[in-house]
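These protein sequence lines map, in sequence, to chains A and B. Under the working numbering, the residue at position 352 of the first sequence is numbered 352, and the numbers go up by one with no gaps. Under the working numbering, the residue at position 196 of the second sequence is numbered 196, and the numbers go up by one with no gaps.
These are computed hints drawn from the structure, not numbers from a lab. Treat the hints with care, as some may be off.
Here are some of the chain A residues that sit facing chain B, going by a computed Cβ distance under 10 Å [what the hints assert, rightly or not]:
#: 1; residue: A204
#: 2; residue: T364
#: 3; residue: P365
The following residues of chain B were derived to be distant from chain A, with all beta-carbon distances above 10 Å [stated by the list, open to error]:
#: 4; residue: V71
#: 5; residue: L78
#: 6; residue: G123
#: 7; residue: A124
#: 8; residue: W152
#: 9; residue: V251
The calculated label-pair distances, taken between Cβ atoms and stated as ranges, are [claimed, not checked]:
#: 10; chain 1: B; residue 1: A133; chain 2: A; residue 2: E283; range: 39 to 47 Å
#: 11; chain 1: B; residue 1: V74; chain 2: A; residue 2: E385; range: 55 to 63 Å
#: 12; chain 1: B; residue 1: I284; chain 2: A; residue 2: T364; range: 52 to 60 Å
#: 13; chain 1: A; residue 1: N296; chain 2: B; residue 2: D99; range: 43 to 51 Å
#: 14; chain 1: A; residue 1: Q76; chain 2: B; residue 2: R89; range: 32 to 40 Å
#: 15; chain 1: B; residue 1: V139; chain 2: A; residue 2: K112; range: 47 to 55 Å
#: 16; chain 1: A; residue 1: E283; chain 2: B; residue 2: P100; range: 55 to 63 Å
#: 17; chain 1: B; residue 1: I67; chain 2: A; residue 2: T364; range: 25 to 33 Å
Built from N, CA and C at the ideal position, the CB exists for glycine as well.
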Amino acid sequence: MKLRMVILATAAALAAASGGRALAADEVVIGDIDDMSGVYADVMGAAGVEVVRWAVADFGGTVLGKKITVLSADHQNKPDIGAAKFREWADQSGLNMLLGGSNTGVNIAMAKVAAAKKVPLFNIGPGGASLTNEDCTAYSVHYTYDTVALANGTATAIVNAGGKSWFYLTADYAFGTQLQAAASKVVEGHGGKNLGAVRVPLGAADFSSFLLQAQASGAQVLGLANAGTDFSNSLKAANEFGITKTMKPAALLAFITDINSLGLPAAQGLYLTTAWYWDLSPETRAFGKRFFAKFNREPTMDQAGAYSATLTYLKAVKAVGSTDPDKVMAELKKAKINDMFTKGGYIRADGAMIHDMYVMQVKTPKESKYPWDYYRLVKKMSGEEAFGPITGLCPLAPK
Amino acid sequence: MSDVFGIPVAVILGQLMLGLVNGSFYALLSLGLAVIFGLMGVVNFAHGAFYTLGAFAALLGLQLLGINYWVALVAAPLAVGLVGIVVERLLLRRLYRLDPLYGLLLTFGLALIAEGSLHQVFGATGESYPVPAALAGGVNLGFMFLPLYRAWVIAASVVVCFSTWFVIERTRLGATLRAATENASLLQAFGVNVPLLMSVTYGGGVALAALAGVLAAPVVLVNSHMGSSLVIVVFAVVVIGGMGSILGAIVSGLALGIIEGFTKVIYPEASNIVVFVIMALVLILRPAGLFGRE
Chain A
1 MKLRMVILAT AAALAAASGG RALAADEVVI GDIDDMSGVY ADVMGAAGVE VVRWAVADFG
61 GTVLGKKITV LSADHQNKPD IGAAKFREWA DQSGLNMLLG GSNTGVNIAM AKVAAAKKVP
121 LFNIGPGGAS LTNEDCTAYS VHYTYDTVAL ANGTATAIVN AGGKSWFYLT ADYAFGTQLQ
181 AAASKVVEGH GGKNLGAVRV PLGAADFSSF LLQAQASGAQ VLGLANAGTD FSNSLKAANE
241 FGITKTMKPA ALLAFITDIN SLGLPAAQGL YLTTAWYWDL SPETRAFGKR FFAKFNREPT
301 MDQAGAYSAT LTYLKAVKAV GSTDPDKVMA ELKKAKINDM FTKGGYIRAD GAMIHDMYVM
361 QVKTPKESKY PWDYYRLVKK MSGEEAFGPI TGLCPLAPK
Chain B
1 MSDVFGIPVA VILGQLMLGL VNGSFYALLS LGLAVIFGLM GVVNFAHGAF YTLGAFAALL
61 GLQLLGINYW VALVAAPLAV GLVGIVVERL LLRRLYRLDP LYGLLLTFGL ALIAEGSLHQ
121 VFGATGESYP VPAALAGGVN LGFMFLPLYR AWVIAASVVV CFSTWFVIER TRLGATLRAA
181 TENASLLQAF GVNVPLLMSV TYGGGVALAA LAGVLAAPVV LVNSHMGSSL VIVVFAVVVI
241 GGMGSILGAI VSGLALGIIE GFTKVIYPEA SNIVVFVIMA LVLILRPAGL FGRE
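Could you put together the complete structure from these sequences and hints?
Dropping the structure here:
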């Protein structure tokens, strides 16, 4: 009896594993692996999957006469889960392209799979610039923003406004350390000083201890090299403990959802750098309106980036008449990107998508005239200025 | 001022104060867990979820009904405590005769459902709860700026912790509760309604978690994940104090808050594991916990 149960269970498991998705030659498969349930789930998340579907529908639902299918999975912020799912889809589901959501660590792990399986990977959500340097691959495109562009935008603006000495509150993982390193370089390059940093474990319950250390350093600027809830909670505590009276906070990465959670009274005056904002042009406002109608909030730059990246990929497939990864990558590195996300964007040899970035300052409650009217444009940076020159660390792009 | 081991005294005093604030949350949360485990033998993994629910109850009360902080401080724990009583009556009660593992699994499942539902409705980012006007601002202690609200958290939790300890260890009601854990059927033979006692105990423990949630709401973003990371630490606190020991939960909660605070200065990267290192040491050297009875 027991043996029969075991055999039955094994058979059922095997059937489930192999029958999950059959390899299909008559469809083009796009995947999206992201944090769907954790701290970054509002940055891209389930709404990000929805905008990918919008892009597919807007493209016509088919390419080269084949139906376009969208798969999605939750990586739970664990690199092993993200990489395993990517490998599974590449082996069993005929995956043609993957969108990588939030978390630099997970995306670094997935980049290795992209190289091994020759599947183009569009890194939408991660910040770590190592993805186009030491961790670059021939199949990677870093699409929305990176730590270098964030630092070039925000740190430059603050140093030029007189904030010369910095202390960092750094998220203790790949993203945070890369962001701190990029900002430190910018600060030094502009004649400023880095007085120190404290590495904070991801998802800390309380930031006040770290903030008092920052204050004791005597630095003028509090560089927040963290993201999501960690960013919001550290800024909230900085206000509460009066740190913001003696130090100027710098949001090295903030999404519009974070600003909305904090509220303008707590976030006003903050400088930040973004690749996209819903209230920039009639096109961005149209996308914002469409998104708002469905999700009752404005999209983040990552959600706009996911929509744009999907279209960019499909246009390249159409242009070369094939989903062959090498042909598509060659086309992607030739094409100009013009849509609601960016104008005149292009993908460099190292995989970085070079496009305009915007330095913003959060409005005061008085300046804000309508819902989600949060940012004042300080400076539009050209892609070359934002992302900087090729470093030579990626073997695909010698200096 | 002078230095101690190369750390300025001002920094030491500041961290001591902040450690007390964080320790207050640990104490309040571990107290509820210790009450539930000590009196009912249930390992309540849903404790973090009830903490989150308390914060959300305060937030929604404010947004939808205009209930202010002070009312929420009483109303939210009562409401969440009632939810706890329903859970005990409908689900937990069926598992008393089984291995404690089943209670752990049930409450863990409930926590996942509660967190998933909150995530579905409110998203991951969370929302801000304003600091009540009477507690805005702060005082300069010379070595640091202490927000009034944080001082209030210490005071409130110390009062709540010691009143709970007093009720359980020093009153007739507490004696009856403790008798129920020793020998429920004998107590029932004396005419005491033991099932009702159990419901009230669970509801009370859960209400303490919700109270901690309301206290935390103005300090952190109210979001669906706020309880899940905390509950693991709080379990470690309870193990260190001695499973089921009320006083152990309070004292180790405050002490670990302070130790964690100093770790944040000396070696910040280790601040989220120091509690677990201590737990491992305590389990090796004194398996019943610092205040537990063998």
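Verification of the hints:
no.: 1; hint: A204; result: 7 Å, holds
no.: 2; hint: T364; result: 17 Å, violated
no.: 3; hint: P365; result: 13 Å, violated
no.: 4; hint: V71; result: 22 Å, holds
no.: 5; hint: L78; result: 25 Å, holds
no.: 6; hint: G123; result: 5 Å, violated
no.: 7; hint: A124; result: 4 Å, violated
no.: 8; hint: W152; result: 12 Å, holds
no.: 9; hint: V251; result: 20 Å, holds
no.: 10; hint: B:A133 with A:E283: 39 to 47 Å; result: 43 Å, holds
no.: 11; hint: B:V74 with A:E385: 55 to 63 Å; result: 56 Å, holds
no.: 12; hint: B:I284 with A:T364: 52 to 60 Å; result: 56 Å, holds
no.: 13; hint: A:N296 with B:D99: 43 to 51 Å; result: 45 Å, holds
no.: 14; hint: A:Q76 with B:R89: 32 to 40 Å; result: 34 Å, holds
no.: 15; hint: B:V139 with A:K112: 47 to 55 Å; result: 53 Å, holds
no.: 16; hint: A:E283 with B:P100: 55 to 63 Å; result: 59 Å, holds
no.: 17; hint: B:I67 with A:T364: 25 to 33 Å; result: 29 Å, holds
Hint compliance for this structure: hints 2, 3, 6 and 7 are broken, all remaining hints hold.
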